[in-house]
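Taking our numbering, the leading residue of the first sequence gets -17, the next gets one more, and so forth.
It cannot be assumed that every hint is accurate.
[Stated by the list, open to error] Simulated crosslink set (DSS-like; lysine-lysine; CA at most 25 Å straight-line):
1) LYS10 <-> LYS30
2) LYS235 <-> LYS204
3) LYS97 <-> LYS10
4) LYS141 <-> LYS204
5) LYS141 <-> LYS118
6) LYS154 <-> LYS83
I should point out that these hints are in silico values taken from the structure, not numbers from a laboratory.
Treat the numbers as computed from the prediction; the structure is a model and nothing was measured.
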Amino acid sequence: MKKPPNPIFSHQTVLLLQNQQHSIKTMKQIHANMITTGLILHAYPLSKILILSSSLSIPYSLTLFNQIQTPSIFLFNTFISSITNNAHLAFSLYSRVLAEKSLKPNNFTYPSLFKACGSRPNWFRHGRALHGHVFKFIEPHCDCYVQVSLINFYSVSGKLGIARYLFDEMSKPDLAAWNSILAAYCNGSCSGYCGGENADLSIEALCLFNQMLVSHVRPNEKTLVAIIGACADLGALCNGVWSHAYVLRSNLKMNHFVATALIDMYAKFGYLDLADQLFDQMSHKDALCYNVMIRGLALHGHGHRAIGLFQRMREEGVEPDNVTFVAVICACTHVGLVNEGSEIFNSMKEVYGIEPKLEHYGCLVDLLGRAGQLDEALELVRSMPMEPNAVVWRSLLGACRVHGNLEIGELALRHLVELEPETSGYYVLLSNMYANISRWDDVRRVRKVMKNKGVNKFPGTSFVEIDGALHEFVIGDKTHPCSDMIYRKLEEMNWKLQMHGHNPSTKEVLFDIEDEEKEGALSYHSERLAIAFALVATDSSFPIRIIKNLRVCQDCHASTKLISKIYGRDIVLRDGNRFHHFRNGACSCLDYW
DNA sequence: TTAGGGTTAG
């Protein structure tokens, strides 16, 4: 016989709790009503008021919870899951569960707790201890939610290997599990916690996606957001366009997340018109999508359009955030709008109440430096409220090299050598700087310091990929088997083998391949030699792909930009951190210089 | 009839 429906579930107050948005005032009224009607004694309505009250006032919800005589594990789980952004409270509730003999944590207890751990820095050890509890109290393999929450916890804690192990342990990963592991690889490739393997992480994400399709798990919007991000990081145009097409043909929703990821991807590829089209189609534009579009425009040298979009953002009442200002000040830098950039920097605090961070000061140093205002840039570095990092000093150094200011350049290099003593490139730059003005004693001194410190043990190498084969070039290796061929070809093409530079009238590209007269000047960079090789060895229109074992230095960055513009060739430089995609004189990697 | 996991820029 069918049981009659329980009148509690159709009670007017319970329906009110479920169906409407409430203020603290109406929530208190409902609470009072529940006490008078006796509904407060029933677990289901109690769980609903707990969820509601914790979203409005944590102290109120805690008082409410503490009034429950003997809360069941169901009520503990409900309350813990509603306060995961308060990890301390979540864990104190969990310890009450452990202390109570009549209670035992279950499958529903752990996902929220792992979420709470992952959301706080330095809580890794708590999460790891909690993982032990999972084995003690439940059977983790039986529950997908627990497994996924563990994968996420380890991935946000930077333990991608453990996350992958747990994923591989799953006999039949569901959609959320696939999305978690894909996001883990994609976020890992962005945050850079895996050193030189970032690009490999994005490639692995694409491989995993392939496996997902093969195992007949149907991707959703979250999946595609991760994959589009991986394509953007890799500069994988074909895969990126395929992903866009997949969204359309699979009737996935072009929601905020998907659209923003696509805008970012097309902007990074340099397809600003496509990015702009998608941007215009977005019904509601938030700060995030403005940021990616502004950044995209700034990256590709459309500074004025970027600033125009920033104006539009303000006119439409969208509040800029700290990322917006990084993008806008960089846009000003690229078109030399020093006053506008400085004003925007000042408006951060005065108008928007946003305290400028290190990266904003870095942008301003770059803005002033590139405009040749080196004394002002140095003054700013000295007066900024936080300790300048290597990025800031590198900006200043870059400006000094462009504007030929040895004094400040030397100062910047000294700081860089101190901050990153293992980076041989700084010693090399310092040495070259002295060599350029024939201060040979200083050249020898720097070389001696290098030798004493044991830096530069590992020469920089670049690999250039031509027709699927990798050719290796080592910094300063004049005996490379390709060198003669490159020299001959370059001479045929009437290229000068000197310091890098560019003569717009003759279209000469000047490589600093070697200069015997300059004693002590280090010879050409391997990536430049590799590019030269690729240019002379292939006429195909495919991007020249170069893989480096050292960071792309400023010299190389500048000359590669130039070569991409003059020869109309896309060049992709991959270093330990990421891909730098050069197209028509612009590079889609702004964070370097 | 109740509770838990996965998405966007730097």
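Against the structure, the hints:
Taking the CA atoms of LYS10 and LYS30, the gap is near 13 Å; set against the 25 Å cutoff, the hint holds. With a C-alpha separation of about 10 Å, the suggested pairing of LYS235 with LYS204 holds against the 25 Å cut-off. Under the criterion of a C-alpha separation no larger than 25 Å, the hint pairing LYS97 with LYS10 is inconsistent with the structure, at around 29 Å. Pair hint LYS141 plus LYS204 holds up; C-alpha atoms about 21 Å apart against a cutoff of 25 Å.
With a C-alpha separation of about 22 Å, the suggested pair LYS141 and LYS118 falls inside the 25 Å cut-off, and the hint holds. For the hint pairing LYS154 with LYS83, the CA-to-CA distance comes to about 35 Å; that exceeds 25 Å, so the pair is violated.
When each numbered hint is compared with the structure, violations occur for hints 3 and 6.
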